[in-house]
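S.K.: One letter stands for each residue in the lines below.
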Amino acid sequence: MHQTDDDAKLTPPEVEAVFRAFTAADWAKARSLSHMASAGLAEWSAEDLLQEAITCLLEGTRAWKRGVHPLVTIKVLMRSIASNERKKEKKGPIDKNAVVDTDLLDAEDELSADATGTTDTTPEGAADGNSQYRYLEKLIEGDDDVELLAMAWADGIRGKEACGDLGWDEKHYEAVRQRLLRRVAPLDKLRKTA
Amino acid sequence: MRTDAKTPRPFDKVLDAFVEDLIAMSDAQALGLAGVDSAAILKDGLSLLDRAKAEAGKRRLATARARIEEARADSQRTGPVEASVIEAREFLLGAANDGRYTLAARDLQEMSDEDALRLYSQMKRLEREVFPGKKDST
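From first to last, the protein sequence lines stand for chains A and B. Counting from 1, one number per residue, gives the positions in the first sequence under this note's numbering. Counting from 195, one number per residue, gives the positions in the second sequence under this note's numbering.
Just so you know, these hints were derived from the structure itself, not from any lab. Just to be clear, a hint being listed does not mean it is correct.
Calculated lysine-lysine pairs in the BS3-like style (CA-CA distance at most 27 Å, straight line) [stated by the list, open to error]: (1) B:Lys-252 / A:Lys-88; (2) B:Lys-252 / A:Lys-87; (3) A:Lys-88 / A:Lys-160; (4) A:Lys-65 / B:Lys-247.
If the Cβ cut is set under 7 Å, some of the chain B residues that face chain A in the computed set are [stated by the list, open to error]: (5) Val-208; (6) Leu-225; (7) Ala-228; (8) Met-305.
Sample of chain A residues with no beta-carbon within 10 Å of chain B, all distances over it, derived [unchecked claim]: (9) Asp-7; (10) Phe-19; (11) Lys-138; (12) Gly-164; (13) Gly-167; (14) Arg-182.
Quick reminder that beta carbons are idealized off the backbone N, C-alpha and C, glycines included.
Please model the complete structure; the sequences and the hints are all you need to start from.
M.R.: Written out as structure tokens, the structure is:
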């Protein structure tokens, strides 16, 4: 049977079912990811960003291609939303009630099953991504291991390969990764209580 | 300076590596990374999902309302005016003697049925725009 484009995407009820079945560990992973993705956003907490990504999927304005891991899907969406927000913040004045522009990644955008790589880079986006990386560098300044890990990741070296290249054992790698996340997360907590 | 459009941004690579780590991570490691107990994180997650669902519902409703309003306005602007040729000609005859209309309805005898209906539609639309509260005069 011929599969239509709509069949290739999760429907909003299916999206909800996936998140409804999330375990505590799944939510922990999504939350950690949102902390990292929101680095450098002035007006959005990590929770805001995660909620907005899930809202867009449930609303049907953003597509989730079947077979794509939930974390990959929300990463792409959060990155897109964050990028849009940073552009608004740069242009100012800031509209705190602004609705996210869905033009950047609309329902026709495709996420492949191994879409951890990026293909939507534009010169403007590259500048934006570079500024966010510089912001991250400032956050992790002073912790050499955390800086090394971020540099390895930014060079495209991941997981065990990064572990080996940096000469760390798994336990040390995990500890550094946790410190990296904690360097990013406190700002989020400050924003939420401000 | 030329930017290679296919080069991923450094921060995106960091995110990509982090996602890969998260996917491969055990549940215990993930919960340790979040630093919150599992019951609280599950409760928070489901609460976030409920808020997202409510917001998505509100937005869908707002979008549907906006579409209906748009369709209504569009129909009032350009919608067809239903009338028979006889009704159209009667209206135009009346219009020829009505001070509100200054068009050449006096040439009604020479006018084709098609032109009569077209002119009638134009005049009815004009009437709706100029006198929006007025009831249909046919």
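S.K.: All hints are to be evaluated individually against the structure, with a verdict given for each.
M.R.: These are the hints, each one checked on the structure:
no.: 1; hint: B:Lys-252 / A:Lys-88; result: holds (24 Å)
no.: 2; hint: B:Lys-252 / A:Lys-87; result: holds (26 Å)
no.: 3; hint: A:Lys-88 / A:Lys-160; result: violated (38 Å)
no.: 4; hint: A:Lys-65 / B:Lys-247; result: holds (19 Å)
no.: 5; hint: Val-208; result: holds (4 Å)
no.: 6; hint: Leu-225; result: holds (5 Å)
no.: 7; hint: Ala-228; result: holds (4 Å)
no.: 8; hint: Met-305; result: violated (49 Å)
no.: 9; hint: Asp-7; result: holds (21 Å)
no.: 10; hint: Phe-19; result: violated (5 Å)
no.: 11; hint: Lys-138; result: holds (13 Å)
no.: 12; hint: Gly-164; result: holds (14 Å)
no.: 13; hint: Gly-167; result: holds (18 Å)
no.: 14; hint: Arg-182; result: violated (8 Å)
In summary, the numbered hints that this structure violates are 3, 8, 10 and 14.
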